[in-house]
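Protein sequences appear in the order of chains A and B.
With the first letter of the first sequence counted as 1, position 45 gets the number 45 in the numbering used here; the numbers rise by one all the way through.
With the first letter of the second sequence counted as 1, position 113 gets the number 113 in the numbering used here; the numbers rise by one all the way through.
Careful: at least some of the hints might be erroneous.
[Said to hold, decoys possible] Partial list, computed: chain B residues near chain A (C-beta under 7 Å): (1) Y41; (2) L180; (3) L183; (4) G191.
[Stated by the list, open to error] Pairwise CB distance ranges (calculated): (5) A/V251 / B/S92: 54 to 64 Å; (6) B/S76 / A/G54: 23 to 33 Å; (7) B/T157 / A/D44: 18 to 28 Å; (8) B/K73 / A/E28: 25 to 35 Å; (9) A/H241 / B/K73: 38 to 48 Å; (10) B/V30 / A/G25: 34 to 44 Å; (11) A/A202 / B/R60: 49 to 59 Å; (12) A/D44 / B/S92: 37 to 47 Å; (13) B/T157 / A/Q47: 19 to 29 Å.
[What the hints assert, rightly or not] Coverage of chain B stretches by chain A, computed from C-beta distances (three or more under 8 Å per stretch; other residues unrestricted): (14) 47-54; (15) 77-89; (16) 144-155.
The set of hints was computed from the structure by calculation and includes no laboratory data.
Keep in mind that this is a model prediction, so the values were computed, not measured.
Glycine residues also receive a C-beta, built at the ideal position from the N, C-alpha and C atoms.
Listed below are the residues making up each chain.
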Amino acid sequence: MMDNRRDDICNDKSLLMSYLYDECGLDERKRVEAHLAVCASCRDELQALTGVRGRLVDWTPPEPAPDFRVVPADAVAVPRSRPWTFWQAAPVWSLAAALVLVVVTLVANLEIRYGDDGLVVRSAWSDGVPSSERTQSGTEALWRAELAALESELRQDFETFSSGEPPQTSETISSEVSEESDLVRVQRLIEESERRQQRDLALHFAQLMRETDAQRQADLGRIDQQLDRHQHLTEAEVVQHGEIMDYLVRVAGR
Amino acid sequence: MPGALMAWTDEELVSRSARGDHDSFNQLVVRWQRPIYALAYRVIGHEEDARDVCQETFLRAFRGIKGFKGEAKFSSWLYRIALNLCRDKNRSAQRSPLNKVSDDVDVLDLAPPHVAGSSLEDQVGWSELGSEVSRAMMTIPDEQRTAIVLKEYQGLTFREIADFQGCPVSTVKTRVYQGLTRLRQELESRGIDRVATFPSRAPDAGTRQRMRRVT
Numbered sequence: 001m002m003d004n005r006r007d008d009i010c011n012d013k014s015l016l017m018s019y020l021y022d023e024c025g026l027d028e029r030k031r032v033e034a035h036l037a038v039c040a041s042c043r044d045e046l047q048a049l050t051g052v053r054g055r056l057v058d059w060t061p062p063e064p065a066p067d068f069r070v071v072p073a074d075a076v077a078v079p080r081s082r083p084w085t086f087w088q089a090a091p092v093w094s095l096a097a098a099l100v101l102v103v104v105t106l107v108a109n110l111e112i113r114y115g116d117d118g119l120v121v122r123s124a125w126s127d128g129v130p131s132s133e134r135t136q137s138g139t140e141a142l143w144r145a146e147l148a149a150l151e152s153e154l155r156q157d158f159e160t161f162s163s164g165e166p167p168q169t170s171e172t173i174s175s176e177v178s179e180e181s182d183l184v185r186v187q188r189l190i191e192e193s194e195r196r197q198q199r200d201l202a203l204h205f206a207q208l209m210r211e212t213d214a215q216r217q218a219d220l221g222r223i224d225q226q227l228d229r230h231q232h233l234t235e236a237e238v239v240q241h242g243e244i245m246d247y248l249v250r251v252a253g254r
Numbered sequence: 001m002p003g004a005l006m007a008w009t010d011e012e013l014v015s016r017s018a019r020g021d022h023d024s025f026n027q028l029v030v031r032w033q034r035p036i037y038a039l040a041y042r043v044i045g046h047e048e049d050a051r052d053v054c055q056e057t058f059l060r061a062f063r064g065i066k067g068f069k070g071e072a073k074f075s076s077w078l079y080r081i082a083l084n085l086c087r088d089k090n091r092s093a094q095r096s097p098l099n100k101v102s103d104d105v106d107v108l109d110l111a112p113p114h115v116a117g118s119s120l121e122d123q124v125g126w127s128e129l130g131s132e133v134s135r136a137m138m139t140i141p142d143e144q145r146t147a148i149v150l151k152e153y154q155g156l157t158f159r160e161i162a163d164f165q166g167c168p169v170s171t172v173k174t175r176v177y178q179g180l181t182r183l184r185q186e187l188e189s190r191g192i193d194r195v196a197t198f199p200s201r202a203p204d205a206g207t208r209q210r211m212r213r214v215t
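This is chain B alone, in the form it adopts within the complex:
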């Protein structure tokens, strides 16, 4: 029997939630809201929409928890709900990539005032990368971006992504390849033309293992 101070497993919390224990469900919310929000933000590229998706995901999970029989992991179930909501969001938004990017452009991102004491060059270098990657990611088609996000940030296998996206494994590989290629072109066109010279910071084995936990 797990003691009071021991962390409950997802499965234990799910079964307690299904019996009407709100606190148990809230522990699941605390545990998973950040990963779900991160996923939604990267797939949608919009903070408010990502928050909406995150809330809606847990709301649906809460409503459906009694019907969740544990045939998949709770996290996989959550991810599936979130991805479906993201897809709906992306479809309903019907934003053209260029418009989408200009929505996200924030001049403050480029020159953060709170980095005191560093030169302008340092500031630019410090903040440029994330926002440039973010903008470049928003220019690639939703399905390619989703595949890349699931691969890079969630550490899923091509087969798992194919399962999420409901398409053959070969299609997922094509999406990731085309997405990365497009991303490379975008970054180069934005003046980040030394992509290949940067040291690769792809997730190491430990990170990958940690990421795999989520599925």
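So here's chain A without its partners, still in its complex pose:
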């Protein structure tokens, strides 16, 4: 009978677990202790497991722990200093819109200005991209020249217009000129202006597209380079870590 009990405790570890975590009744406790008194193997095992449990105390979660709050939807506009005020935040569409705006601004590096000379949409990265990363430089020169020509044309027109007549248009136009011809001229100017604006817009758009493409190519190249570099770094770190581990093993073995 006693032998059977010993075998039970040696083979089925659940009683040993109950004993280890102090979750057994008085009878079971006595039984385990009686077994431990005669079984060196179980005694050693219990001691080793107790040692492992002691080690677990050293495992602490990293700092800092998360810190966040629930923010009511109507309080979203107020900037908060709390790092993780994220949920219950804004409606999905506004987040999406903001995201799109940020992405577009990042990708295109746009400069959008509304001033005396109207709405200006300018892609500004052409100054920021190193010349080595530019592509399509031939076509670029072409449409740059085109744009410059257009700009000077517009300026010229504008100057002749403003020097010829005061900007306050028809009400202050000199009475010597007949009203009808004035009207025709103004209409023509407006039409021309509209055409130019459309052309200008199309050109700007084309420029934007080209620059987006060029930038994307450059970015892809850079991402490739970065990936390569990181891979090398990671390998170096692994080697370094191996060395440190070797050292640790040696120190621990001393």
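Use these hints to put chain B onto chain A, whose structure you have.
For chain B alone, coordinates are given in the frame of chain A:
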């Protein structure tokens, strides 16, 4: 009636939250985010994922607070949500233990520069233990690790763990036993071969009592 300076109980805060009081829910967040994060970190072994789980746990709790009728303790409910999320995280990650460990390896852990004035041996001894235990824990199967975490750090009984894990009590005991045995082998293979000679620092009765509060 509790005064303004008295701490509300979880139950009071839950019922106020269910009536739409965000501040009350935030008090619950402040009270429980660290324990939930610690649980998630130990079960998953990855800081970012643990943060995700922690956030998601409270987000789900916030959404479901009106449906929480108090049939269990609020903390048990939170723990259950967090453990389910941890299990999903572990499953979706499908990281092999060895890869998982190498992800967590940080050379800086081994030689912290901010311990000025102590010898290299001291530094190694000081920082080695936690990171070695952490790495060793990540080599054991998720279910065994979860059972050990719930037992050692949350102070649950085998029956409570069985309830969380949805398995018989005997299975939980086997998981804890196999996990601890594997852990012992791992630590020994990592040069920490004097496990048994260290004084046991298992939670004392007071600590256990404090830990039990969470369930």
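| query | Is it true that B/K73 and A/E28 lie within 25 to 35 Å of each other by Cβ? | reply | Between B/K73 and A/E28, where Cβ atoms are some 29 Å apart, the hint holds.
| request: Could you tell me whether the CB distance from B/T157 to A/Q47 stays inside 19 to 29 Å? | output: Given a distance of about 23 Å, which is inside 19 to 29 Å, the answer is holds.
| query | Is the shortest C-beta separation between B/G191 and chain A less than 7 Å? | reply | holds (4 Å)
| task | Check, residue by residue, whether the region 47-54 of chain B contains three or more positions whose beta-carbon lies closer than 8 Å to a beta-carbon of chain A, and give the verdict. | result | holds (count 4)
| field | Hint check for A/G25 and B/V30 - Cβ pair distance inside 34 to 44 Å | value | holds (40 Å)
| field | Check of the region 77-89 of chain B against chain A for coverage (Cβ-Cβ below 8 Å, three residues minimum) | value | It is violated, with 0 qualifying residues against the three required.
| said: Min Cβ distance, B/L183 to chain A: is it shorter than 7 Å? | reply: holds (5 Å)
| B/S92 and A/V251 - C-beta distance against the hinted 54 to 64 Å | violated (39 Å)
| request: Identify whether the interface hint at B/L180 stands, where standing means a beta carbon of chain A within less than 7 Å of its own. | output: holds (5 Å)
| task | May I ask you to test the hint 37 to 47 Å on the CB atoms belonging to A/D44 and B/S92? | result | Since the Cβ atoms of A/D44 and B/S92 sit about 40 Å apart, the hinted range of 37 to 47 Å holds.
| Verdict for A/A202, B/R60 (Cβ pair) under range 49 to 59 Å | holds (51 Å)
| said: Is 23 to 33 Å respected by the C-beta to C-beta distance linking B/S76 and A/G54? | reply: Holds - the Cβ-Cβ distance for B/S76 and A/G54, about 28 Å, lies within 23 to 33 Å.
Checked against the numbered hints above, the structure violates hints 5, 15; every other hint is satisfied.
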